[in-house]
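For this one, chain A is given, so just place chain B with the ligands on it according to the hints.
What follows is each chain in one-letter form.
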Amino acid sequence: MLEVKDLHVTVEGKAILKGLDLTVQPGEVHAIMGPNGAGKSTLSAVIAGKDGYEVTQGSILFEGQDVLEMEIEERARAGLLLGFQYPIEIPGVKNIYLLKAALNAAREARGEGEIPAPEFMKLVREKSAEMQMDPSFLQRAVNEGFSGGEKKRNEILQMLVLQPKLAMLDEIDSGLDIDAMKVVANGVNSLRSADRAILLVTHYQRLLNHIEPDRVHVLVDGRIVKSGDKSLALELEARGYDWVLEESVA
Amino acid sequence: MSAPERFLERLNARRENDPSWVAARRQAGAARFAAVGFPTRRDEAWKYTDVRAIAEGDFALAADAEFLAERLAACALELDAHRLVLVDGRFNAELSSLDALPAGVSVTPLSQALEANHEQVGGSLGRLAGVDFSAFTALNTAFADEGAVVRLAPGTVVDKPIYVVLISRANEQAVMSHPRVLIEAGARSEATVIEHYAGESGAANFTNVVTEALLERGAIVNHYKLQEAALGDLHVASIHVDQSRDSRFNSFNLNLGGSLVRTDLVTDLNAEGAEAAYYGLFFLQGRQHVDNHTLVNHNAPRTFSNESYKGILDDRSHGVFNGKVYVKKDAQQIEAYQNNANLLLSDRAEIDTKPELVIYADDVKCSHGATTGQLDEEAVYALRTRGIDVAMARGLLTLAFAGEVMEQVKLNEIAERVERAVAGRLPERFNLADLVETAEAVQEA
Ligand SMILES: Nc1ncnc2c1ncn2[C@@H]1O[C@H](COP(=O)(O)OP(=O)(O)OP(=O)(O)O)[C@@H](O)[C@H]1O
Ligand SMILES: [Mg+2]
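Protein chains in written order, with the numbering used here: chain A, 1 to 250; chain B, 1 to 445.
Source of the hints: derived by calculation from the structure; they are not laboratory data.
Don't take every hint at face value.
[As the list claims (entries may be wrong)] Cross-link-like lysine-lysine pairs, in silico, DSS-like; alpha carbons within 30 Å at most:
id, chain 1, residue 1, chain 2, residue 2
1, A, 122, B, 410
2, B, 354, B, 324
3, B, 328, B, 365
4, A, 18, A, 230
5, A, 151, B, 410
[To be verified] Beta-carbon label-pair distances, calculated as ranges:
id, chain 1, residue 1, chain 2, residue 2, range
6, B, 371, A, 107, 36 to 42 Å
7, A, 119, B, 53, 45 to 51 Å
8, A, 61, B, 412, 46 to 52 Å
9, A, 14, B, 50, 50 to 56 Å
10, B, 412, A, 57, 52 to 58 Å
11, A, 129, B, 127, 54 to 60 Å
12, A, 56, B, 346, 34 to 40 Å
13, B, 366, A, 56, 49 to 55 Å
14, A, 89, B, 413, 24 to 30 Å
15, B, 44, A, 89, 40 to 46 Å
16, B, 371, A, 69, 33 to 39 Å
17, B, 132, A, 148, 55 to 61 Å
18, B, 347, A, 57, 35 to 41 Å
[Said to hold, decoys possible] Covered by chain B, according to a simulated footprint, are these stretches of chain A (three or more residues, beta-carbon under 8 Å):
id, region
19, 45-59
20, 86-99
Note that the Cβ used here is the ideal one computed from N, Cα and C, for glycine as well.
Chain A extracted, bound-state conformation (with noise of 0.2 Å):
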């Protein structure tokens, strides 16, 4: 589903990126754990289009498409999706816009035509409230004045609305209280299915015993250093990241 190969990124002359391999199967679930700084944000970001990463080596296919030649909208049209590790507000645009623009344009390039407005309706109430978010969250702008964790189930609300083939969700962990974390791991949880994929990007154990990951990747300074099951992720937690950079450099 998707194959990264050899990837090189720099930042403004500043190599983050320095090879970087990963496969994803369908029906997968990926973690992505990694010290600060790493490069883990990094990687979404170029998978989803940001501006400002040159990708000087490699390449990156989406079901055998060139991602790297897609526009940014084409790509989560595909069905790729990145959940943002800091959602950012965007004043005045109603959260119902969204996600009904998005839906449409995500069925129109399957040759589907445009959600009629009571499916629509029915949709988006029944995704919030699984996300336990008030239907009023609808009619705000999106992540306007939100709470930290009410912006993390704001995105995982999105990516239920438009069920993405893979989803890229950077430290969607971060900033949640026990009760949210089980909201949205349940949310992550109903996007699975066998042709499907998840890409999480954590710190953290904890999600992973909510959301268990078939793989486990350390990535560290631009490459996976070691990849291994889900047992990877509680040795990692026990020991932190050192014994790995020391097995790899040696």
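Same frame as chain A, but now just chain B with the ligands:
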């Protein structure tokens, strides 16, 4: 014949049945107008606005007020209100509904007010907008024989909005109208007054309106000017407000229509606790020209004003914002905030903005600013990552920009109407009209 002479000639053709004091006023207005003539761009206050399209026009006075109810329904707000309808400046009784006014409130067509109770009207009419304010107020004074007189007895809170609809028809011969609106709000009274300019799309008339509002102690008036005239209409307006102690005037000046539009808004805050809020929105396309001149006079200590005007300009449109705040000597501890923000959607659109503070007191809190810019690229990116294309992302952000003013509009029918109009008139590529409707449906469900 000079332009002023040509205009004034129409005055002689009017049916003469004015009381003598009205006739005297007309003469004063006509004399003043004849003396000063139409302003030119050499006049500082008209530097950016060329009124030749008016001065060189040929405008008759409407002979009747006929207008089909269906047509009115098509352009008026769907609003539970006390309604007074003027068609090309003439009162249409059938389309109006003024029967259910609560005690203490009167809403009268100016013609009837002049006839029935001229002493009382005579006292207030023209008190704030004298013939020397501008050539256009002089011209209005010469001609005004119709309009709306709104009176609120002390302590009256009006249950529903007072809705004045001013229709401009697509006439064979272009017409001019000089409506006059007078609002007298007694102590602690409260009302919402809407002036809605609308009409037929082919209209190319000249409207020259003067509004005066007198607010006694503690009165609250919400004043909406929703200008949706046809794109061929010429529109000049001045609004004059006089505020006593603890009164509050909320002005919403919403401009979507007209080819040449000029609005002057002047408020005198004359006693402690008086407060004025000015909210403005203009959305211009094609070659529309809209000029807003606002002035707040802080004449007394502890008076407050807050102004926010937003402009969205597309194509080759031209906007003008000139906002002045004047703080009189010894008007201490006042607060005055003013802001004008503009969004240019096209390289060829133009905005001239000039916020001005003139302060003769030293203990004041004031700020003013003007910004003109493009859309937030960070937000465009965030929307694109959800699959929304650049055009629609820009459309959404443009709507959001207008939304910051519309949030202040407490009257839902107007907020929705304007939001729809903005969404619907955004370049087609943005395609937002349908989106807005769904969102409203979701809210209502
Ligand atoms: N726009 C930028 N300009 C300069 N440096 C940048 C920019 N974006 C990222 N970087 C640098 O790239 C490196 C990787 O940043 P990135 O945000 O990808 O880290 P991360 O692994 O997500 O860290 P964290 O765990 O703190 O979120 C950091 O050193 C960061 O300072
Ligand atoms: Mg990060």
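Point to revise | Restraint status (C-alpha distance of residue 151 of chain A to residue 410 of chain B at most 30 Å) | key: 27 Å, holds
Practice item. Just tell me: holds or violated, for the beta carbon distance of residue 14 of chain A and residue 50 of chain B against 50 to 56 Å? Key: 55 Å, holds
Check your understanding: Regarding the pair residue 328 of chain B and residue 365 of chain B, is the alpha-carbon distance no greater than 30 Å?
Key -> 14 Å, holds
Review point. Is 49 to 55 Å right for how far apart the beta carbons of residue 366 of chain B and residue 56 of chain A are?
Key: 53 Å, holds
Practice item. Starting from the range 36 to 42 Å, see whether the pair residue 371 of chain B and residue 107 of chain A falls in it by beta-carbon distance. Key: Holds - the Cβ-Cβ distance for residue 371 of chain B and residue 107 of chain A, about 37 Å, lies within 36 to 42 Å.
Review point. Taking a Cβ-to-Cβ distance below 8 Å as contact, does the region 86-99 of chain A have at least three residues touching chain B?
Key: holds (count 10)
**Study point:** Pair hint residue 354 of chain B and residue 324 of chain B, alpha-carbon separation not exceeding 30 Å
**Key:** 8 Å, holds
Exercise for review: Indicate whether the distance between the beta carbons of residue 56 of chain A and residue 346 of chain B respects the range 34 to 40 Å.
Suggested key: 37 Å, holds
**Study point:** Whether the CB-CB distance between residue 412 of chain B and residue 57 of chain A falls inside 52 to 58 Å
**Key:** 56 Å, holds
Check your understanding: Is it true that the C-beta distance of residue 44 of chain B to residue 89 of chain A lies inside 40 to 46 Å, as the hint says?
Key -> About 41 Å separates the Cβ atoms of residue 44 of chain B and residue 89 of chain A, which means 40 to 46 Å holds.
Review point. If you check the beta carbons of residue 61 of chain A and residue 412 of chain B, does the distance land in 46 to 52 Å?
Key: Given range 46 to 52 Å: holds, Cβ gap about 50 Å.
Review point. Taking 33 to 39 Å as the hint, is the beta-carbon distance of residue 371 of chain B and residue 69 of chain A inside that range?
Key: Between residue 371 of chain B and residue 69 of chain A, where Cβ atoms are some 37 Å apart, the hint holds.
In terms of the numbered hints stated before, the structure departs from none.
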